Amino acid sequence: MEHIRIDHTYILNMIEPNSHVLDLGCGDGELLWLLIKEKNCRATGIEIDEKAIYKCVERGVTVSHVDIDSGLKDYSDRRFDYVILNESLQEVLNPEKVILEALRVGKKVIVGIPNFCNIIARLQIFFLGKVPVTKGLPYTWYNTPNLRFLSIKDFREFCAQRGISIERQRAIGSKNEVFFWRNLFANVAIFLISKN
Amino acid sequence: MSQSFVETKYFTFAESPNELVLKSGVKFGPITLAYETYGQLNADKSNAILIFHALTGDAHAAGWHKDAKAPGWWDPMIGPGRAFDTDKYFVICANCIGGCKGSTGPSSINPASAKPYGMSFPVITIEDMVVSQKYLIDHLGIKKLLCASGGSMGGLMALEWSVRFPDTLESAILIATNYKHTAQQIALHEVARQAIMSDPHWNKGDYYGKELPAQGMAVSRMIGHITYMSERSMEEKFGRKLQDKEKLGYDFSQDFEVESYLRYRGASFVQRFDANSYLYLSKALDYFDLSEDGDLLKVFKGAKSKFLVVTFTSDWLYPSYQSKDLVRAMKANDLDVSFIDISTNYGHDSFLVEIEGQSKLVKYFLENVRAR
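First to last, the sequence lines map onto chains A and B.
Residue numbers for the first sequence follow the numbering used here, so the first one is 1 and each next one is one higher.
Residue numbers for the second sequence follow the numbering used here, so the first one is 1 and each next one is one higher.
Among the clues, some could well be false.
Computed list of lysine to any residue pairs in SDA-like fashion (alpha-carbon distance at most 25 Å, straight line) [as the list claims (entries may be wrong)]: (1) B:363 / B:319; (2) A:39 / B:368; (3) A:51 / B:354.
By construction, these hints were calculated from the structure, which means they are not laboratory data.
Since we're looking at a predicted model, the values are computed, not measured.
Just need the whole structure built from these sequences, with the hints factored in.
This is the structure we're talking about:
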């Protein structure tokens with residue numbers, strides 16, 4: 001499997017074959033297409049960007065042009081085997097509601113977040129006194145789609161406080177997987193979560 | 001490319017004693033449907049696409065008739081290499097029952113009286129239109145359509161087909177459509193109908209061979225055109241520009257470009273469309289309600305096809321929220337449905353003029369219908 005994004009690889013790995021999958025903020029549908037091709041999944045996406053929708057339809061990926069916050073209402077409980085929220089959580093208006101709704105609609109949820117408290121970011125805040133702009137998080141404060149800024153530790157605490165179990169967790173540094181001191185060295189983390 | 005002309009064909013059925021029982025309960029026949037086909041039907045008859053026209057459309061969806069000044073109404077969408085690719089698919093379009101372009105309608109001759117039906121023509125519904133076209137598809141030997149598609153009224157018909165004949169349809173593309181007329185939509189149609197019916201020349205529908213209700217038709221068409229455009233597109237196209245004038249005339253002749261446009265469009269409409277047909281078809285639209293008892297979820301229980309639902313942001317006649325209700329009900333029934341709300345200024349007419357984006361979506365969607 002060449003040229004597949006590393007986070008997509010981890011997510012593919014977490015999903016059982018022949019599953020029914022919903023991707024919230026699916027972009028151009030690349031992940032869903034991989035899931036269909038490699039894992040024979042039944043896939044649906046939700047995406048707000050019109051241009052991205054065209055790409056999804058081109059790939060044959062089922063997609064709805066709605067925003068995440070309202071799109072989840074259309075689905076009944078535990079309708080999907082997996083709901084994916086990869087790199088889309090920081091752009092939603094109400095992340096808590098979205099995560100809880102995702103856990104209602106999906107038996108398991110996969111969340112991918114950027115880790116805003118990695119060491120480069122911390123050094124920039126400490127030494128430069130500025131909000132960090134790093135290779136992994138390249139946006140400026142005035143030109144960013146991100147509404148939320150969280151760290152791996154923040155997310156783990158969030159889950160613990162709500163009785164959400166983290167079944168698996170993987171983290172990516174600038175190039176490779178990070179196994180230790182993730183909150184410090186990881187740029188991105190992928191969590192497989194569920195709630196009873 | 002050699003210029004080959006398209007010919008309209010005719011199919012007659014429901015001849016006595018096998019008249020069609022219409023939704024109203026009335027038994028009616030014989031029925032003739034004018035239709036055209038583009039492309040070739042493949043050996044196992046699996047590449048057929050049925051296109052439904054909108055309120056004032058007809059069977060001539062694409063290509064050129066001999067001596068015509070313009071091609072079919074959806075020519076940019078249907079043809080070799082186009083969205084509905086006639087190199088791959090067999091595309092069919094029929095004039096609906098109640099129409100006036102070759103199919104049996106109020107302007108057709110009643111064989112019993114040897115005179116036009118006029119207002120003695122039975123009130124037909126969207127369901128009747130769809131049922132009658134099923135006879136045509138059966139006649140062509142097609143057991144399962146690859147796709148049914150249309151915009152506006154055409155979309156309603158494709159929608160009805162998907163729930164009425166679910167086993168005969170692989171996919172449906174519904175563009176700028178809805179599933180029932182709201183009070184405002186009915187009201188707009190009522191005004192258009194009243195414009196025709198209050199024209200003294202309408203004469204209770206008995207105007208064939210006599211003076212046509214041209215003024216009434218013109219006014220109803222003017223209303224139609226306003227609903228098909230958006231506030232933005234009208235402002236961009238016309239603004240307050242004056243027609244062939246430097247200053248306002250301070251009389252009631254034509255001042256503004258938009259007035260001239262509406263008058264021109266209104267006047268030319270009566271040349272190509274039958275007034276009674278307009279009454280019958282607009283009424284069929286107002287009558288239609290996919291969720292007859294209000295339960296849209298129930299309606300889709302037996303549906304099987306893959307759906308692509310397309311709306312346009314500036315379409316205020318058939319606003320996106322109605323299609324979103326449809327999509328919600330389809331999703332609740334675990335149907336495979338894709339939905340897009342295309343950003344455009346053209347209003348309801350976008351399905352006829354905003355070809356580029358729509359073409360891509362249709363092309364890709366059709367390519368992937370059989371992907372899994």
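Exercise. Taking each numbered hint in turn, which are not upheld by the structure, reported in ascending numerical order?
Worked result: Failing hints: none at all.
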